[in-house]
Amino acid sequence: MRNVTLLLEDGTAFHGQSFGYEKPVAGEVVFNTAMMGYPESLTDPSYAGQMMVLTYPLVGNYGVPPFSIEQNGIATFMESEKIHAEAIIVSDYSTAYSHWNAKESLADWLKREQVPGITGIDTRHLTKVLREHGVMMGKILFDDEPDNIPSAQYEGVNYIAKVSCKEVTRYGEGQGKKVVLVDCGVKNNIIRCLLKRGVEVIRVPWNYDFNELEFDGLFLANGPGDPDTAIDAVKNIKKFLDAEKEKGKVRPCMGICMGNQLLAKAAGATIYKLKYGHRSHNQPVQQVGTKRCFITSQNHGYAVDSKTLPSDWEPLFVNMNDGSNEGIRHTKLPWFSAQFHPEAASGPVDTEFLFDDFVKLL
Amino acid sequence: MLDSNIKKVLLLGSGALKIGEAGEFDYSGSQALKALKEEGIETVLINPNIATVQTSEGVADKIYFLPVTPFFVEKVIQKEKPQGILLAFGGQTALNCGVALYQQKILEKYHVKVLGTPVQAIIDTEDRELFVKKLDEIDVKTIKSHACETIEEARKAAADLGYPVIIRAAYALGGLGSGFCDNEEELNKLAEKAFSFSPQVLVEKSLKGWKEIEYEVVRDRFDNCITVCNMENFDPLGIHTGESIVIAPSQTLTNSEYHKLRALAIKIIRHIGIVGECNVQYAFDPESEDYRVIEVNARLSRSSALASKATGYPLAFVAAKLGLGYGLFDLKNSVTKTTSAFFEPALDYVVCKIPRWDLGKFRGVDRELGSSMKSVGEVMAIGRTFEEAIQKGLRMIGQGLHGFVGNHELAIDDVDAALKAPTDKRVLVVEKALHSGYTVDQIHDLTKIDKWFLYKLQNILNTYVELQKKGAIQNVDTELMRRAKVQGFTDFQISRAVGLEAMIDPEIATKLVRELRKQMGILPVVKQIDTLAAEYPAQTNYLYLTYSGVAHDITYENDRNSIIVLGSGAYRIGSSVEFDWCGVQALNTIRKNGFRSVMINYNPETVSTDYDMCDRLYFDELTFERVMDIIELENPHGVIVSTGGQIPNNLAMRLDSERVPILGTSAKSIDNAEDRDKFSAMCDRIGVDQPAWAALTSMDDINQFIEKVGFPVLVRPSYVLSGAAMNVCSNQDELERFLQLAANISKKHPVVVSKFHEHNKEIEMDAVAKDGEIIAYAISEHIEFAGVHSGDATIQFPPQKIYVETVRQIKKVSKKIAKELNISGPFNIQFLAEQNHLRVIECNLRASRSFPFVSKVLKLNLIELATKIMLGLPFERPEKNLFDLDYVGIKASQFSFNRLQKADPVLGVDMASTGEVGCIGDDTASALLCAMLSVGHRIPKKGVLLSTGPGKQKADMLRAAQQLIEHGYQLYATGGTSRYLEENGIKNTLVHWPSEEGAQPQALDLLHSHDIDMVVNVPKNLSVGELTNGYKIRRAAIDLNIPLITNSRLASAFIDAFCTKSLDDIEIKAWSEF
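Going down the list, the sequences are from chains A and B.
Start counting the first sequence at 1; every next residue gets the next number (this note's numbering).
Start counting the second sequence at 1; every next residue gets the next number (this note's numbering).
In isolation and in its complexed conformation, chain A is listed as follows (with noise of 0.2 Å):
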C-alpha cells in the first residue's frame, strides 16, 4: 500500500495508506460517526464533493453487495448509480471480508469506480480537529508525488446541478397517486419508500418547473452543498406553495434533509452553515411540543434557522443534541419536511412513518 497524507488546509497533516484508487483528490472533509453502512454512504448523492472520514475505525468487513440494479431501474442495494464521495478515510481497513451477499471488497470497488480510499490514520483525532476547527477543506496527496493539485471549494458551488437527474422519469407508472420528486441528489431509499405505499413518482431534475405537471403531491428529496445555490428549485416551490394557499384542496408536500431547507427558503426563512455539520445514525430529534422522540440518520451541513421562519411555519422537530432546526411545518397546510432522514439506508428506521403521513394526505 502506498503512503498517503491527508493535508487540511490549516496545515495538519495525517498519514496513512491508500487501499482505493490511487488518485490526489481534493473536497471538504467530514466525519460520520455511523458504525456501518458504508455502501449506502459512499453512494449518497449528498456526499458530493466530500472526503468522508468514519470515526468507526473497522471498515471493509462484509464487503460490498453486488451492484444489481431492479426492474424499475433503481439499484438493489445501493443509493444512486455510482459513489458520489470524493474519498473515503478510515483508520482500519478490514482487507478481508465476509458476507455471504458481498460481491467485492470495499478496495476492489473504489478502485473500479475511481476513488481513493486510505487507511491508517487517526480518525479520532481528525474528528477532534474538524470539530474544534469546523470542517475544512483538504487534499489526499500520495507521498511519493508532489503536491500538483488544485484546492478544492466547497461553498457557494452548486453540487446539485452535477448530481440531480437530467430528465424526467417515471416509476410505477399508473399505481396510484402521483408525486413529483425533486431530485436535488435524491437517495434511491426515498423512491423505494415511496413506491412501497403505491404512489407513483415523477422524478424531475432539480431545476425542473415541475408546476406544469398533472401531479397530487409534491416530494422534496434530499441533495448536496449549499443550499443558497439552489435558485430555480426554491423558485419552483414558492410558486408551488403560493399557488396552493389559494385553492381549496391544497396538494401536500413533504421535503428531506435539503428538501427541508429548501422548503424553509421558499417559505422564506434563511440557511446557515453548521460548524461541522450532523452526520451520523445517532442524531436525537424530538417533536415540537410533544414527549415524542426519535434516533434519526442524518447527513447535513446546513440548517434551518428557526428564528427566521414566517409566522404561517413553526418548527416541527429540534435536535435535542444543540437544539438546531430538525424540520418545519405549516401551522395550517398539510406541507412538512424533516432535516434527517426518514429513509434511513443507511441508519434507523424509526421516522419511515413520516412516509406514510404523506401518503395519507395525499
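Read the hints as simulated data drawn from the structure, not as lab findings.
Nothing here was measured: the structure is a model prediction, and the numbers come from that model.
Glycine included, C-beta positions come from ideal geometry on N, C-alpha and C.
Fair warning: there could be bad hints in the mix.
Capping the alpha-carbon separation at 30 Å, the derived lysine-lysine pairs in DSSO-like fashion look like this [said to hold, decoys possible]: (1) B:Lys859 to B:Lys811; (2) A:Lys196 to B:Lys267; (3) B:Lys260 to A:Lys177; (4) A:Lys291 to B:Lys337; (5) B:Lys451 to A:Lys103; (6) B:Lys113 to B:Lys37; (7) B:Lys260 to A:Lys103; (8) B:Lys260 to A:Lys291; (9) B:Lys37 to A:Lys291; (10) A:Lys291 to B:Lys7; (11) B:Lys748 to B:Lys668; (12) A:Lys275 to B:Lys337; (13) A:Lys196 to B:Lys260; (14) A:Lys273 to B:Lys332; (15) B:Lys260 to A:Lys82; (16) A:Lys307 to B:Lys337; (17) B:Lys144 to B:Lys134; (18) B:Lys337 to A:Lys273; (19) B:Lys332 to A:Lys275; (20) B:Lys260 to A:Lys360; (21) A:Lys111 to B:Lys451; (22) B:Lys451 to A:Lys82; (23) B:Lys113 to B:Lys62.
Estimated spans, in silico, between C-beta atoms of each pair [what the hints assert, rightly or not]: (24) A:Lys23 to B:Leu410: 45 to 55 Å; (25) A:His15 to B:Asp366: 49 to 59 Å; (26) A:His15 to B:Leu130: 51 to 61 Å; (27) B:Asp413 to A:Ser68: 44 to 54 Å; (28) A:Leu274 to B:Glu287: 41 to 51 Å; (29) B:Lys902 to A:Gln71: 57 to 67 Å; (30) A:Tyr272 to B:Asp445: 53 to 63 Å; (31) B:Asn5 to A:Thr270: 41 to 51 Å; (32) B:Asp416 to A:Ala96: 19 to 29 Å; (33) A:Lys196 to B:Asp416: 45 to 55 Å; (34) B:Asp182 to A:Leu274: 55 to 65 Å.
To list a few chain B residues with every Cβ distance to chain A over 10 Å, as calculated [as the list claims (entries may be wrong)]: (35) Lys8; (36) Glu149; (37) Glu295; (38) Asn593; (39) Asp675; (40) Lys902.
Got chain A sorted already, so can you dock chain B onto it with the hints?
Just chain B now, with coordinates in the frame of chain A:
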C-alpha cells in the same frame, strides 16, 4: 413527571456471586441506588452479599443483609413500608423473588408499587409459552419451543421437532439445567435434571451455527426507545452468550441487517411494555437475513453491564430514573453532560469481552462449552483494531496467556475434534490450527466462527511469523514494529517472536524491546470513551490506551497529585467482588482527601470500572508493560498495590525496580512475605511456628520428608497436569495416586509438601498497620476445621469459640510479624490453632478477601484507614474492639456446582466457591441461618441423608442427628453411619450406596423421589470406591437441586441453628440497627 407518592423504595440485590449472576448486579444496583438518591428518595436494600459496594455505608439508606426470598422480603416490607420496589437490578434472583411476591399478592397487600417494567411484562418474557405467543402477536419469529411438564411430553416434542434439540428449564438463570441433545437417551438425562430446577421444561429445535446477536434496548413510559448497543458473539449459537467471546459493536452485519434487528428489538420492547431496560438476543442466519428471537431479559443483565461499560451509557442509572417516571428526553448524557440521554452511542473503538473459566479447579468437570454457563468472570478489552482488543483480552483473563500468539504450545492430538467440540481452550485451538496450516475456510467449517474473525486472527499470526523470520530484534524495522503494536503485541511477545526472550532473561529481553520501540517513537496514545465518537467533548475521563492513534485525548498536569490504584482484574475463584470493594474504598478515600484518584482495571462487572468512581479510569491491562505506560504518563504521587488482590501484589517488585513510588508497605517486605523461603527464615528468626514444609524435586525426597513429619501432608505441585492443584494426602497410596494424576515433579517443577495438621482451628487476622505497628485488627474464626480452603470456609466474626489465650497469642505473633515486615497498610495472616499452639499458614501484605466482611461487621472501614495511612494522612486511632460487639457476623460461601456438570461438589484445600454472603444476627444461630439460606440452602421438611465419613466426623454429627430426630425428621444413613447411629440409639433408615446394586432402598432413588431434601455427605478419603460412591450421591444432590453439605462441623452448626431457631424468631434488623 415523578410520582410524588414514592418516598421510599426497596431494591432487591442478587445475593452471593455465582456462575451466571455475578458482580454486574453490584454495579447495576449501585447505579440504581445513586439514581434514587439524586431524587431524594429514601432507599432500602436487601442483599446478603456483604462484600459488594452497594452494601456499603452511604450507598443505600438502609441495608438488610438478608436472603432475597419472599419470606424475608415480606418481613422487610412490613417493617419499612416502602411505596415502591425495584426488581430489575438484582438479576434473576431479584426478578424471581419479585414475581413470587407479586403472585402471592404480597406487593398488593402492602401497597408496594413495582417501579419500571410491570410484573406482567416480566412474566410474559420469562414464561416461554407466553413469550412466544406475545411475539406471535406482532409477527416476530421465535424459536418455537414446546413447553413440557412431563418427560413423556418432552420426548414427544423432541421427536416431532427432530434432533438435535435444545432443552431448557423455564425460570432459570444463565441457562441452568439446559443443554443440547442429539438423541433420546441424552434427552432423558437432561430433561430429568431440568425438571428438578423447574416445573416447566422447554424443548426447541437447535440452530447451532447461526450467529448470535444481542441488542440492549431502553424504553421510557412515553414510548420513546433507543438501542444503546449491539453485540456479536464470536462463537456461534450453541455456546451460551456468557461463555462466548463477545464483540461490540457487531462486526459482520450490514446496515440493513443491523437495523432490521434493531427495529425488531424496538418493536418487541414496545409490545411487551418494558419501562427501563431489556436485552434482546437473536439467532441470525449467516446465509440470509433470517432470524429468531432467542430470548428477552426484562431486566438489567450481564450484557447490559457490558454494554454500559462498552459504550459509556449508564443503563442501570437511566433505567432507574425511567422507573421513577422520567422520560429519556428529561435526562442528560452523563459523559458529555450537555447532550441528551436520548441517543444511541457511537463507538470509535472495538470492545471484546472474554470469559474467564476456572474449570481446572474442579475434579471431573465437563470442559466442553455449551448452552449452560460455566465461566466465573469476564474481562473487557478495548482497542482500535480487533487484533489489539482480542490480544489485550486474552492477556486480561489472567491464565498465563501473552495474547493470541507467543504462548506455550497446546498439546492436542486431534485438532479437528478440538475445533468441533469447543472447550475453555477454544481460542488456543484456533491458534494451533492456523499455526499448523489450517485455512480460514477449514476452521470456519469446523467451528462456524465467522470468517471475518478468523481472518483477523490470521493477521496476528502472520505478523508473529514475520517477526520470527527477522530472527533478531535489530532486524525489525519501524513499520513492522508499529504493525505489531497496533495489533496488540506486547513487548514480551515481540521479544519471544524474534528469539530474544529465549536467549536472555525474559524481563531484560522485554525491556530491550521496550527501549528500542520507544527510540522508534512508537508509543501508545490515551483515548477517551465519550459515547459520541468525538462529535461532542466528553466531561469524564473514561480512558484506554491504543497504538492506533497519533494524539492523546487528555493533557497531563504533571503535578504529582495522582494516586493510582491497581484493580483486581477478572473475577475468578479466589478473587472477586471483595477486592472491588477494597479498590472503591481506596478511591473514595483518595478523592475525599484532595488527590486525583486513578484506577486501572478491566473487569466490566465491577463498580471500580464505573467512570464516576474516580477522576481517571484507565480501562486497560494490569500487565507490567501497560501499568508502566500509564505511570509514565501520569507521573503519580504514588501507586497502591494492596487493595486489588494478588495481581497488583505480584507487580510490586517489578514496579519498585523501576523506581515507581509504591505507597504503604515496601515491595521488599511484600517479597519477604510472598517468598516461601524468605518468609520461613523470618518466622524462625522471630520465633513464630509454621507447619513444616519443603520444596522437593523427587519422589525420594518427598518420602524422606514425610517420614520425618508423618501423614497427612498437603501437596502443592508447581506445575499441574490436570485436576485440582492441591491436595491433602493421608497415606502413601493417596500420595502416589495424586502425584501421578496431577503433577510433574522435576528440578524445574518442585512440589511443595507441608505437614497437614488435622482438627486444627483456622483463624484469620485482618489488620491495618502503620510503620510496623498494628492500628486496627479483626480476628475471625472458621467454623470448619483446617482443610477447607479459607475462601470456602464459613467464618464467624467476632470469633465465638476460641480461647482468650489463643487470642492473646494471635495478637502477639501478629505484632511481631507487622513489626518485622514494617507493614504500613492492610494485611492478613492465617493461623492454625492446635489448642493454644499457633502456627502461621501464610501472610499477605495486602487486603484479603475478608476485609469487607470484617469492616462491615465491625463498622470500621479498614480500607479507608489503610489508605489514609498509605497516603501519610492523619487518622483517628479506632476505639472499637471486636470483643465489644453484641452481635455476630457469619460469612458463608456460595458454590456453583449446579453449573459445573460432572464436577465433584466436594470441598478441599483448593478453593471452589464462586461467592459469599455475610449476615449479621443477635446470635450465631440467627446469623448462620440467614447466611446459609442466602447461599441456597433450605431448611429440610422431610428427610435428611447422613453419610458422615471418618470416625471423628461421625462423632461430631451425633448431637445434630439427635436434634433432627427430636424435630421429627426422617433420618437416612449409609452403611457405617447407620451402624454408628444405631449403636448410639438414634433411629434411622439404612440406605444403600450406588455400588451396592440390588440392595434396597437405594440412596439415589430417595434423592430422585425427593424423600430426602438435605444431604450431609462427608467424604472419607480419596480411595476409588469412596470417591465413586460418594461422588454419585453428591452429584445427584446437586443435579436434583437438593442442598448438600460436605463438612460435619458446618452441617452440625446448621442443623443446630434450624432446630433451635425458627425463621420467625429471627429479628429483622437493618445493618445500622445492630
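Status of each hint after checking the structure:
{"no.": "1", "hint": "B:Lys859 to B:Lys811", "in the structure": "20 Å, holds"}
{"no.": "2", "hint": "A:Lys196 to B:Lys267", "in the structure": "20 Å, holds"}
{"no.": "3", "hint": "B:Lys260 to A:Lys177", "in the structure": "29 Å, holds"}
{"no.": "4", "hint": "A:Lys291 to B:Lys337", "in the structure": "21 Å, holds"}
{"no.": "5", "hint": "B:Lys451 to A:Lys103", "in the structure": "15 Å, holds"}
{"no.": "6", "hint": "B:Lys113 to B:Lys37", "in the structure": "18 Å, holds"}
{"no.": "7", "hint": "B:Lys260 to A:Lys103", "in the structure": "21 Å, holds"}
{"no.": "8", "hint": "B:Lys260 to A:Lys291", "in the structure": "25 Å, holds"}
{"no.": "9", "hint": "B:Lys37 to A:Lys291", "in the structure": "25 Å, holds"}
{"no.": "10", "hint": "A:Lys291 to B:Lys7", "in the structure": "25 Å, holds"}
{"no.": "11", "hint": "B:Lys748 to B:Lys668", "in the structure": "25 Å, holds"}
{"no.": "12", "hint": "A:Lys275 to B:Lys337", "in the structure": "20 Å, holds"}
{"no.": "13", "hint": "A:Lys196 to B:Lys260", "in the structure": "17 Å, holds"}
{"no.": "14", "hint": "A:Lys273 to B:Lys332", "in the structure": "26 Å, holds"}
{"no.": "15", "hint": "B:Lys260 to A:Lys82", "in the structure": "24 Å, holds"}
{"no.": "16", "hint": "A:Lys307 to B:Lys337", "in the structure": "26 Å, holds"}
{"no.": "17", "hint": "B:Lys144 to B:Lys134", "in the structure": "12 Å, holds"}
{"no.": "18", "hint": "B:Lys337 to A:Lys273", "in the structure": "25 Å, holds"}
{"no.": "19", "hint": "B:Lys332 to A:Lys275", "in the structure": "22 Å, holds"}
{"no.": "20", "hint": "B:Lys260 to A:Lys360", "in the structure": "25 Å, holds"}
{"no.": "21", "hint": "A:Lys111 to B:Lys451", "in the structure": "24 Å, holds"}
{"no.": "22", "hint": "B:Lys451 to A:Lys82", "in the structure": "28 Å, holds"}
{"no.": "23", "hint": "B:Lys113 to B:Lys62", "in the structure": "19 Å, holds"}
{"no.": "24", "hint": "A:Lys23 to B:Leu410: 45 to 55 Å", "in the structure": "48 Å, holds"}
{"no.": "25", "hint": "A:His15 to B:Asp366: 49 to 59 Å", "in the structure": "52 Å, holds"}
{"no.": "26", "hint": "A:His15 to B:Leu130: 51 to 61 Å", "in the structure": "58 Å, holds"}
{"no.": "27", "hint": "B:Asp413 to A:Ser68: 44 to 54 Å", "in the structure": "48 Å, holds"}
{"no.": "28", "hint": "A:Leu274 to B:Glu287: 41 to 51 Å", "in the structure": "42 Å, holds"}
{"no.": "29", "hint": "B:Lys902 to A:Gln71: 57 to 67 Å", "in the structure": "59 Å, holds"}
{"no.": "30", "hint": "A:Tyr272 to B:Asp445: 53 to 63 Å", "in the structure": "57 Å, holds"}
{"no.": "31", "hint": "B:Asn5 to A:Thr270: 41 to 51 Å", "in the structure": "49 Å, holds"}
{"no.": "32", "hint": "B:Asp416 to A:Ala96: 19 to 29 Å", "in the structure": "23 Å, holds"}
{"no.": "33", "hint": "A:Lys196 to B:Asp416: 45 to 55 Å", "in the structure": "48 Å, holds"}
{"no.": "34", "hint": "B:Asp182 to A:Leu274: 55 to 65 Å", "in the structure": "60 Å, holds"}
{"no.": "35", "hint": "Lys8", "in the structure": "27 Å, holds"}
{"no.": "36", "hint": "Glu149", "in the structure": "40 Å, holds"}
{"no.": "37", "hint": "Glu295", "in the structure": "23 Å, holds"}
{"no.": "38", "hint": "Asn593", "in the structure": "33 Å, holds"}
{"no.": "39", "hint": "Asp675", "in the structure": "44 Å, holds"}
{"no.": "40", "hint": "Lys902", "in the structure": "36 Å, holds"}
The structure is consistent with each of the numbered hints, conforming to all of them.
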